[in-house]
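Chemist: Here are the chains, one letter per residue:
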Amino acid sequence: MQVGLGHYLVISTLLFCLGLYGVLTRRNAVAILMGIELMLNAGNINLVAFNRYVAPATVSGHVFALVVITLAACEAAIGLALVMSAYRSLETIHVDEINVMKW
Amino acid sequence: MGEFAAFTILSLLILIPAVVVVTSKNIVRSALSLVPTLLGVTGFYVLLQAEFVAGIQVLIYAGAITVLLLFVIMLTEGGAGLQVRQVNEQIPLGVTAAVWLAFLLLLVFSRTTWPVAQRGNPPAYSALAIGNAFMTDYVLVFEVTSLVLLVSLVGAIIIARREE
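Protein chains in written order, with my numbering: chain A, 1 to 103; chain B, 1 to 164.
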């Protein structure tokens, strides 16, 4: 049986929805960031799979997958810095307990 | 046949740890389960003949981001205890949203015919082709991304710095 574009799309859909479930149900800010990483990975699978099956002679999908990986690293660094900052001033990283606009 | 077997194994390697990531009570176990998922995605890139992206995925995701997550879990005590409730009261909403989105997307995929090209030849050296593309067609994307990376690194240091 040949692996087609549809197979990759199904797996990336399931991965994206798992990430969405994690983002919606977790209390811990670090776990929410993990859910976001899963969703970004699902998007990257789509970019590379479409590049391979729709326009195999070009590398546009690879280029944008690399850009997304770079921005994911930025997002993780900034997000975790914000988590550290919130923990230092509020003593919690549970997002449902962070409910003050000003400290 | 071999490609399909590899695809099946990699799919399980991606999806089973991903379920652990979003459901585990232990936040450290969640962070470590992220590693097999990211390595499975790397395997997908190899299957899709994107070797350069696969290498970068291992370096940045499986290497750097996982270590960063573990460091922050270590530095913020109180969030990692096993007695701490890790999920909020939105589980029914989360399940509904995720299942509906999956159903909708799979419905769209099953009704769409993609313009799949006949087996064209991928570039012999994908790193060479990617470098050329970054320096010619996508030079603006490249420059803006590097600016964002610089700003975010400086910003992360300033946000995380202890106040005087």
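Hints listed in this document are in silico derivations from the structure and should not be mistaken for laboratory results. Just so you know, even glycine gets a beta-carbon here, dropped at the ideal spot from N, CA and C. Among the hints, erroneous ones may be present.
Stated by the list, open to error - If you only want the chain B side, here are some residues facing chain A, beta carbon under 10 Å, derived:
no., residue
1, Ala6
2, Ile9
3, Ser11
4, Pro36
5, Val72
6, Thr76
7, Asn132
8, Val144
Claimed, not checked - Pairwise CB distance ranges (calculated):
no., chain 1, residue 1, chain 2, residue 2, range
9, B, Val141, A, Val54, 33 to 39 Å
10, B, Gly63, A, Ala57, 17 to 23 Å
11, B, Val28, A, Glu91, 17 to 23 Å
12, A, Asp96, B, Glu3, 42 to 48 Å
13, A, Glu91, B, Val148, 27 to 33 Å
Chemist: Does the nearest C-beta of chain A fall within a distance shorter than 10 Å of the C-beta of B/Val72?
Modeler: holds (5 Å)
Chemist: Given the range 33 to 39 Å, decide if the beta-carbon distance of B/Val141 to A/Val54 lies inside it.
Modeler: Violated: the Cβ-Cβ distance is about 20 Å, outside 33 to 39 Å.
Chemist: Against the range 17 to 23 Å, how does the distance between the Cβ atoms of B/Val28 and A/Glu91 compare: consistent or not?
Modeler: Given range 17 to 23 Å: holds, Cβ gap about 20 Å.
Chemist: Once the shortest beta carbon distance from B/Ser11 to chain A is found, is it less than 10 Å?
Modeler: Because about 5 Å separates B/Ser11 from the closest Cβ in chain A, which is inside the 10 Å limit, the hint holds.
Chemist: Is it true that B/Gly63 and A/Ala57 lie within 17 to 23 Å of each other by Cβ?
Modeler: With Cβ atoms ~31 Å apart, the hint is violated.
Chemist: Against chain A, run the beta carbon of B/Asn132 and see if the smallest gap drops under 10 Å.
Modeler: holds (8 Å)
Chemist: Using Cβ atoms only, decide whether B/Pro36 comes closer than 10 Å to chain A, and label the hint accordingly.
Modeler: Hint violated; B/Pro36 Cβ to chain A Cβ min 12 Å, cut 10 Å.
Chemist: CB of A/Asp96 to CB of B/Glu3, is that within 42 to 48 Å?
Modeler: holds (45 Å)
Chemist: Between the beta carbons of A/Glu91 and B/Val148, is the distance compatible with 27 to 33 Å?
Modeler: holds (31 Å)
Chemist: Closer than 10 Å between Cβ atoms is the bar; does B/Val144 clear it against chain A? Give me holds or violated.
Modeler: holds (9 Å)
Chemist: Is the interface hint for B/Ile9 satisfied, with its Cβ closer than 10 Å to some Cβ of chain A?
Modeler: At 12 Å from the nearest chain A Cβ, B/Ile9 fails the 10 Å test, so the hint is violated.
Chemist: Using Cβ atoms only, decide whether B/Thr76 comes closer than 10 Å to chain A, and label the hint accordingly.
Modeler: holds (4 Å)
Hints 2, 4, 9 and 10 from the list above are not met by this structure, while the remaining hints are.
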